[in-house]
Every structure is written in C-alpha cells, then in structure tokens.
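Participant: Quick mapping for you: the protein sequence lines, in order, are chains G and L. According to the working numbering, the stretch in the first sequence is residues 3 to 374, in order. According to the working numbering, the stretch in the second sequence is residues 3 to 374, in order.
Note that these hints are calculated values from the structure, not bench results. Any given hint could be a false lead.
Repeated chains share a single entry, so a pair holds when one copy, or any two copies, can fit it.
Capping the alpha-carbon separation at 25 Å, the derived lysine-lysine pairs in PhoX-like fashion look like this [unchecked claim]:
1) LYS48 <-> LYS201
2) LYS262 <-> LYS333
3) LYS261 <-> LYS333
4) LYS262 <-> LYS47
5) LYS242 <-> LYS262
6) LYS261 <-> LYS48
7) LYS330 <-> LYS48
8) LYS352 <-> LYS333
9) LYS261 <-> LYS24
10) LYS262 <-> LYS48
In this text the structure is predicted, and so the values were computed from the model without any measurement.
2 protein chains.
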Amino acid sequence: MNLFEFLTPSAEVCRRTGPHDKIVFSSRVRLARNVPGISFPGHGKKADRVRAYDQLMPAIQSMPVMAGGMAESMERLTPNDKQLLVERHLISREHAAKGAGSGFVLNREESFCVMVNEEDHLRMQALRPGLQLQEAWMAIDALDTALQEHTEFAFSPQYGYLTACPTNLGTGIRVSAMLHLPGLVLSEQVSQIIQAVSKLGLAVRGLYGEGTEALGNIFQVSNQMTLGESETEIVERISKVLQQVIEHEENARLSLLEKKSRVVFNHIGRAYGILSHAHTISSKETMNLLSLLRLGVDIGMLPAASRSFVDELLLLTQPAHLQALFTKREKLTAEERDILRADVLRDRLKILERPDHTVFGSGTAPGIEPVE
Amino acid sequence: MNLFEFLTPSAEVCRRTGPHDKIVFSSRVRLARNVPGISFPGHGKKADRVRAYDQLMPAIQSMPVMAGGMAESMERLTPNDKQLLVERHLISREHAAKGAGSGFVLNREESFCVMVNEEDHLRMQALRPGLQLQEAWMAIDALDTALQEHTEFAFSPQYGYLTACPTNLGTGIRVSAMLHLPGLVLSEQVSQIIQAVSKLGLAVRGLYGEGTEALGNIFQVSNQMTLGESETEIVERISKVLQQVIEHEENARLSLLEKKSRVVFNHIGRAYGILSHAHTISSKETMNLLSLLRLGVDIGMLPAASRSFVDELLLLTQPAHLQALFTKREKLTAEERDILRADVLRDRLKILERPDHTVFGSGTAPGIEPVE
C-alpha cells in the first residue's frame, strides 16, 4: 500500500478538535513493552529482532482497533515515507532510521501507532487532538490488555515491565503533550516555566522530541519517571501541571495584549506579510512565522476558522509533506524545497483575509491624533 | 511664513521626472562663495556673520529666480522645520545646526536653495530631478553671474574663488547626484564600483552626505577636486562617470533577473509584505525596504506608475515629514514615530496592487511540476 495515499489528508487531520486545542496541539501516551527471552533490539542479533518482529506484527494487526490500518516493515519505506511519519509524529526520528526487522502498525484514524523494534520490541502509542491524556491513556491501556491475551511481556514483580533503557522501567509509560506557547516565548517567561516544570519531574523538549529545537514555539512536555507511581497517578500529575502551563500561557497572552499589543500585532503582521510574499523560505522560518499566525487566530486578528488552516500549513510545509503533496519529482534539493514552500504559502495565503489590524484599537498610535 | 505650508506637497515633488530617473533621484550643483573683507563664518565673530548675512540675504532675495520664494534666519526655524529641509536635501545637516546669523533662501519650485553662513558665506545650490548635471550647472552659473552684479566675491587670480576649506578652493563647485543602486548592492558589486569611482577622483557617500550610511541603497556621488579644471570640465567628467555607473546598475539588475530572479523576487516580496503589515518600523528599515519596492517597480513586479508613490513614501516616512504631515502633537518620541510610520505605510500600501508574482515565470519553481 502507498503510505502517502493511506495517510489522512492533512486538511482533515488538522480539522480534528479537542479540549484546549488553542494551546495543546495533541496528547499522546506510549507504552514500552518487550518479549521475554529475546534480546532487546539494540542488544541482540538480527535474528532476534526478526523473531520479535514475526511474533509481534501479526499480533498487533489482529487487534480490532487496528483493523483497516497499515502495517509495514521499515525497509520497505522510502526515505520520504519515513519522514512523513516523523512529521505526523507517528514514529520517532530514531525509528525512521531503522531498516529490516523493524516496522510499524498504524490504524485507519492515525490515533494508534505501534513501533516494532524501536528501542524496545514494542512501543505502542495512542494519540488524541487537544488535551486528552486520560483518554489516550485509557485507549492505549485497552490495547495493551488486549495484546497481552496473545503475547507475554517481560515483567518483573519487583521492577514492573522490563525495558531496554532503565528510564522506561516499571510502567514503561511516557505521557506527553505538544503545546503551543508563543505567549510565554514573546513575554520571555518560557525558560522560567520550563525550569518550574522540570522541577516537577517533567521534561520539556522541542518539536521532534529529545535534543530538538522548540521551532514554532512548540514544546513537548512529558514525564521523566516511569517507576514508583502508577500509570493513573502519572497521567493525573502531568494533566495538572499542563493545566497550569495552559493557564500561564493564557495569562501571558492577555498581559501581552494589554501591555504590548503593538509588539504582538507587529510580530503577527510581519509574519503574515512575509509568509504571503516570500519567494523562498526555510522550514524553520516558516514554522516560526506560522506559529505567530496561529497566535493571530487565537487573539482574533485572523478569523477563528483559520486555525485548522494554519495548522495544515504547519504540516504541509514540512519537507516530506511538501515533497509528497506538491511535486512528482523524486527528491527536491533543500533550495528547491524552499522555493516550492514559498510558492505554496503565497498561493494558500491568498484565501486568508488580510489580518484585521483594527480589531484591537484603531490604526493609529495611542495619543496621536491624525491631521490627514 | 510657515515652512511646511510653503514646501511643495511631497506627492508633487516626487512626481517630477528627469532623464534616467529609474536610477538617478536628483542632480545638484552647488557653488561656494565668500564676501571679501569679512572672516569666514567659522572663523569670525558673530558681528562678522551678521554683516555677511545682512548684505547677502536681500541680494539673494532680489534675484528674479528667487521671486515668490522663502527667506529665513535659521534661528526662526523649529528643529522640525530644519529637519524637513535636511530630509528634502535643501540644506546640509551642518547648516541645520546653525542659529542666529545663518539663513537660507529657497525658491518657489525648490529648484534653488542658497545657504548663508554655512561653512562659507554663500552656498548656492541648483537641484534637478534625474540626471541633469549640465542643466543644474547652467542654472547655478546664471544665478552666480546675476548675484555678482550686486556683490563682490572673494577671488584670487592665482587660486580662483577663496573658500573656508581648501577642498573647495578654485571653482568652489560641488557637482553631485543621488543614485539608487540596489542592483549593485544585491549583486555585491557596489564596493568595487565605489572603489573605481573613487580612483577617478569622485567621492561616494550615503544619503545625507559625508559620513552617513547608504540607507535604502542610495548613494551620493560628487567631485572631490575643485581646482585645476574648469566647471564645465568637472560637470562633463562626472556626467560620464555617472553614465557608466548607471550602465553598471542596469547590467547588475538584468543579470540578477536572469540568474537570481528568485532572490530578487524574494527580497521585493518580503519588503512589500513587511511594509504593508508591520505595526512598528524604524526609519532605517523603512528606507531599506522601500528601496526594494522601488526596484520592484523598475523590474515590473509593481505597476510603473507607482515609482513616484514609492518615492513619496521614502520622503514622508522620514521623521520630520512624518511629524509635520500626520500629527498635531508637538514632538513624537522615536517609538511613537515608529508606530505612526507603520500606520501610515499600512494605510498607503493598501492602494498598491499586490506584487505581481507571475510577471517573471510562473508561481512554481523551475523544473518542478505541480501535482495539485
């Protein structure tokens, strides 16, 4: 099956809504599991990986929630296909580098994706739009329970689930949410918030996980500890912290609009101006400017209905999506991609209204009476 | 008389045309003259300056070409009035700093402006739009001749006209043109051209003369030597050099459009996007971006009729014009000006068509066939 044809159209993916989706793009819970008696993927030989793969892939595909989905070995994917999955946050960058003996199973709705032979034999993920950690947890817990009727998982009564890396030992759970925090970034409070969140045992990372930059003011918050707390406790704790981060972001936006509205309008206006008139633009600049456009939607400078439109641009201007959606060419150079990206943005942004510069205050600086 | 009311409306000033006005904003010839028996302005006492002032001001005003003009002592001008004259290139920054005992006489059309007690007792200037050095020379020569019927000028048979600074000795002539060289700047050839021009005995300076930056890709080229050549020889020599600079600029533009059209469109598109959507913008950034818009007009990305429109924006977004045109407030802060400037630009640029991105090639990168 052609992966790109299988994937939900980007416009449709971006129209999905969830609680707090002004600030929370998506929620995810993943569980790490391993098959007893087979070396961890990074430690064993190829034969071990193949044994785990052959045992696990059919088991996952047989799950009712995965019906109608797609299962594939990593070696059968093109580099662009792998990158497409990374850009949709369905597999990790590490998994995209894998070949024979590794694979993935994705359900029809893209709400479940299971990686086979990533760092562990199994990395099962449930994904939901907006802030829905509890829902994602219940979904992945159900899949885990169902799978355990077919497959035994390596488990120690003392340590819990055994994992390749001790940081995942115990519950094997990683609860995370992708947050859009332009307010905290613009008001220079984000490092402070990251520090506070870190002290609560949570990790804050960039868009593509560990070691990546916070492009587009997008941050991924997740639990660090997998041991000593139950899954429910972890989900509840991180949910509470996220509620607070959301509140801080909302307050930062309000305060910016109250005290520095010109600065905010200036950032958003310029972002719109550049995105709709550039003839070459990098992926990085695009994300950072689209983030400001998204803020523009949230504060009413752009029509509310255009949030999903901006989110779609965030998705489809990324390299693999751009390649798959807009050209028949095998592989564009980075330079060609920057040109194509600018062409796509100019074209798409034509339909977006000119930012409403008069929503907050008149077009004239406060205290200055025009004479013309 | 109110200076600002006297000045020609900026739109009208900018609609004036002349040869090569795509590249040459304006031509100017100025003559330095002094009254014998009175110390140079910077060397004598206040009484000397007043004596020269009282003798020269009525003589200049009596000239037929100055009829209906404006004559004023510098001390009677507000700081904003002085700055208005500097922004129109009618007086020097040095002259704007002068007070009692210094003055200016400006004719109705703003084609003649005489400074009294700048560095010399008299600095007479003739200004013309486009490349019209010969015309400007003939105009100022006629004024000089007419004035000499009333006033004797300090002259040595050996050295020629005597001036406060030896760099002006002899003819006392300074021939200059204001050039727009975005092509040479974008193609990184401008330092090379400046070097070559300097070797020919000409000086290249920024927008406001000696020691100023080349904001908006605008360069002022003038003669260095005033001795050993006749005025006509100087005018002819600099005209020839300017013809060559114009040719280089034209070639640079053609070559950029041929080899790097995307880069050029990208610069111009982004400039338009920022100028028409910013909410605060400095004078410096505005000039640099408007320079790109002017290039956009020249290469057909924007309607040809909008060159004078862009030139008007270049003039009226400068601090003193902004202050005089758009507010009744006495004195705006720099921050308020940046906001007002952005408001004016957003408002004015609404009427300009969206840059025509399809003039040169389709909206798609060369060699990439769209699938949508």
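Participant: Does each hint hold? Answer for all of them.
Facilitator: Checked hints:
1. LYS48 <-> LYS201: neither (40 Å within a copy, 72 Å between copies)
2. LYS262 <-> LYS333: Intra 44 Å, inter 22 Å, cutoff 25 Å: inter-copy only.
3. LYS261 <-> LYS333: Classified as between; 23 Å across copies, 47 Å inside a copy.
4. LYS262 <-> LYS47: neither (59 Å within a copy, 52 Å between copies)
5. LYS242 <-> LYS262: So LYS242 and LYS262 fail the 25 Å test inside a copy (29 Å) and across (53 Å) alike.
6. LYS261 <-> LYS48: Neither: 60 Å inside a chain and 51 Å across chains, both beyond 25 Å.
7. LYS330 <-> LYS48: Neither way: LYS330 and LYS48 sit 35 Å apart in one copy and 80 Å across, limit 25 Å.
8. LYS352 <-> LYS333: neither (27 Å within a copy, 39 Å between copies)
9. LYS261 <-> LYS24: Result: close within a single copy only, 21 Å intra versus 44 Å inter.
10. LYS262 <-> LYS48: neither (58 Å within a copy, 50 Å between copies)
The structure fails to meet hints 1, 4, 5, 6, 7, 8, 10 from the earlier list, while all remaining hints are met.
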